[in-house]
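> Residues per chain are reported as follows:
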Amino acid sequence: MIFALSPNAQWVLLSTLILGAASGIVGCLAYWKRHSLLSDALSHAALPGVVVGFVLAGAKNVPLMIAGAAASALLGAWLVVGIRDHSRVKEDTAMGIVLSVFFGLGIMLLTIVNRLPGGNQAGLDSFIFGQAASMVRKDVYTMAGLALTVLIVTIVSFKEWKLWLFDPLFARGLGLPGRLMDAAYLAVVVLVIVIGIQAVGVILMAALFIIPAVSARYWTHSFGAMIALSALFGGAAGASGTLVSTMGEGWPTGPFIVIAAAVLFLASLAFGWRKGVLVGALQRYIRKRRMRRRTFHGAS
Amino acid sequence: MKTELTLQTEESKTTGVPEGDETNAGGSSGPSEETRQARRIGGPDPAEPVLVVRDLSAAYRKNPVLADVNFAVGRGTLTCIVGPNGAGKSTLLKVMLDLHPRLTGTGSFFGTTYQKVKSRVGYMPQRGTVDWDFPADALDVVMMGLYGQIGWLRWPRRKHRELALAAMEKMGIEHLAKRQISQLSGGQQQRVFLARALVQDADLYFLDEPLAGVDAATEWAIMETLRALKNRGKTVLVVHHDLHTVRDYFDHVLLFNRTVIAHGPTEETFTRDHLARTYGGTLRWLEAVVP
Chain A
62 MIFALSPNAQ WVLLSTLILG AASGIVGCLA YWKRHSLLSD ALSHAALPGV VVGFVLAGAK
122 NVPLMIAGAA ASALLGAWLV VGIRDHSRVK EDTAMGIVLS VFFGLGIMLL TIVNRLPGGN
182 QAGLDSFIFG QAASMVRKDV YTMAGLALTV LIVTIVSFKE WKLWLFDPLF ARGLGLPGRL
242 MDAAYLAVVV LVIVIGIQAV GVILMAALFI IPAVSARYWT HSFGAMIALS ALFGGAAGAS
302 GTLVSTMGEG WPTGPFIVIA AAVLFLASLA FGWRKGVLVG ALQRYIRKRR MRRRTFHGAS
Chain B
16 MKTELTLQTE ESKTTGVPEG DETNAGGSSG PSEETRQARR IGGPDPAEPV LVVRDLSAAY
76 RKNPVLADVN FAVGRGTLTC IVGPNGAGKS TLLKVMLDLH PRLTGTGSFF GTTYQKVKSR
136 VGYMPQRGTV DWDFPADALD VVMMGLYGQI GWLRWPRRKH RELALAAMEK MGIEHLAKRQ
196 ISQLSGGQQQ RVFLARALVQ DADLYFLDEP LAGVDAATEW AIMETLRALK NRGKTVLVVH
256 HDLHTVRDYF DHVLLFNRTV IAHGPTEETF TRDHLARTYG GTLRWLEAVV P
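Protein sequence lines correspond, in order, to chains A and B. Taking this note's numbering, I'd label the letters of the first sequence as residues 62 to 361. Taking this note's numbering, I'd label the letters of the second sequence as residues 16 to 306.
Excised from the complex, chain A in its bound form:
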């Protein structure tokens, strides 16, 4: 089936697969940092930067738009931390503020730019829901480079992530540079977001962060296995969602990827080996039967 696709569609498929895997890995870090909402805030916060990058370039220039997205996502992160530390507002509220304000600003800028001559041909709208079909071979190289970076960063410092996520106080007591870990974490999160929004869109990007990680949690009790599984789920969701979206003209990729991820989540919720609902019920049933048999034998 894959071979029946046009060469461009094959590239697109490959790139969303890589993207899904990378965001699955980083999503695991965000999950244990209890930062699922942060990825949502940052991806929404990237939108104004994309538009500004487009205006500065005067045409669709992907690297410049990615740089703009990164700058505005980081500004959003900085604002969340600033609001949290210098007011009585809690972190989740701060994220809610940043998310909606940046998204509103992005849509406003987008509307203005779309009225400019040549603006509405730029495909800026595709950054909202994602349009993987608009990607070309060069984008795939960018994504492969990104995924490789994320992979190397997580594997080389695997034990540091584990320590930092589980017990940050003890980690700093051991001399693990907390600031450096914070910066590296934010860097990989923003990296995955800015490269992913072209394919998945700012609104749904967070789903690709959160859903593979929670799905993986149902299958394993090991942090390493959870990361590997989350990468697998993310990659599978990215690829299958893209595959379905190529069947129709102009179908957005993001929603299909998210639905594919949700299907994987439901399957994990039910059949997950470690925390799945069905497996848990089965275990309880067996235990009950065993207990009943034992009391029965004891009575006779």
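Distance condition first, Cα-Cα at most 20 Å in a straight line; then the derived EDC-like pairs of lysine to aspartate or glutamate:
| # | chain 1 | residue 1 | chain 2 | residue 2 |
| --- | --- | --- | --- | --- |
| 1 | A | K336 | B | D148 |
| 2 | B | K245 | B | E234 |
| 3 | B | K133 | B | D216 |
| 4 | A | K94 | A | D243 |
| 5 | B | K245 | B | D266 |
| 6 | A | K94 | B | D146 |
| 7 | B | K185 | B | E234 |
| 8 | B | K131 | B | D216 |
| 9 | B | K133 | A | E221 |
| 10 | B | K245 | B | E282 |
| 11 | A | K94 | B | D148 |
| 12 | B | K77 | A | D146 |
| 13 | B | K245 | B | D263 |
| 14 | A | K121 | A | D186 |
| 15 | B | K174 | A | E221 |
| 16 | A | K94 | A | E221 |
| 17 | A | K94 | A | D146 |
| 18 | B | K133 | B | D113 |
| 19 | A | K336 | B | D146 |
| 20 | B | K193 | B | E177 |
| 21 | B | K174 | B | D216 |
So these bits of chain A aren't anywhere near chain B, every CB distance computed over 12 Å:
| # | residue |
| --- | --- |
| 22 | L98 |
| 23 | A120 |
| 24 | V123 |
| 25 | E152 |
| 26 | G157 |
| 27 | N175 |
| 28 | P178 |
| 29 | L209 |
| 30 | A248 |
| 31 | W312 |
| 32 | R350 |
| 33 | R351 |
| 34 | T356 |
Short, incomplete list of chain B residues facing chain A, as computed with Cβ under 8 Å:
| # | residue |
| --- | --- |
| 35 | L114 |
| 36 | P150 |
| 37 | M159 |
| 38 | W170 |
These aren't lab readings, by the way, just hints derived from the structure by calculation. The beta-carbon is built from N, C-alpha and C at its ideal position, and this holds for glycine as well.
Chain A is already provided as a structure; the job is to place chain B on it using the hints.
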């Protein structure tokens, strides 16, 4: 002079300490600078101070939590820090270990700064500060105590695994090595945390409520371990809550309520008068604690 020589040998065995720092700690002629400082600030005068805290103060936002904290702890002592809830005991540990910003003051570890002798200082946070649902088994968590020795960005080897298992054996939890941490009981989690502190092989330990919410068997096992540490010349500071066991368990006591109320050998320091000043309020319940 003799005591200082033993101190030097104790120190030279440690890893990762720059050469220059060791000479500072013992001093080579007469009482060291640390000893003289300890004398000047009052309080007990330990022969071999491994920790000297001077004029420490800290705040949460604008609320002061620590003020004018001065004390010195001698080598090979087992000290408990007691005080009411909200007295800043955990914060005191965090400020000394640079985990919480300080407003004023200094902490001197082995005659030098904490940053230079980090590997000789072990810390055990409260059990409740981490999420025990994290996907890891008990051995994983104990191994974390070795991460400093393994070195950043390096993978642990079999040698480290064996060290971790040995520490778990000391705490009587080697059979739980492969158990999920979420499936451990509170006492078992506490033992895992202590085993993690043990593998650090530090010379000075800060333990935040190791005896909170554990059963009698665990309490006994933990106290055995702490006594063994003390007998090996290690220094242990413990945040503690149960006033009934202070006399039995600890040779030194530091009564604390935002500042040091009293500090010294348990026999002399753990008095009704000092406790009343630490906890305030009526004296009636104190009669049950200090007969």
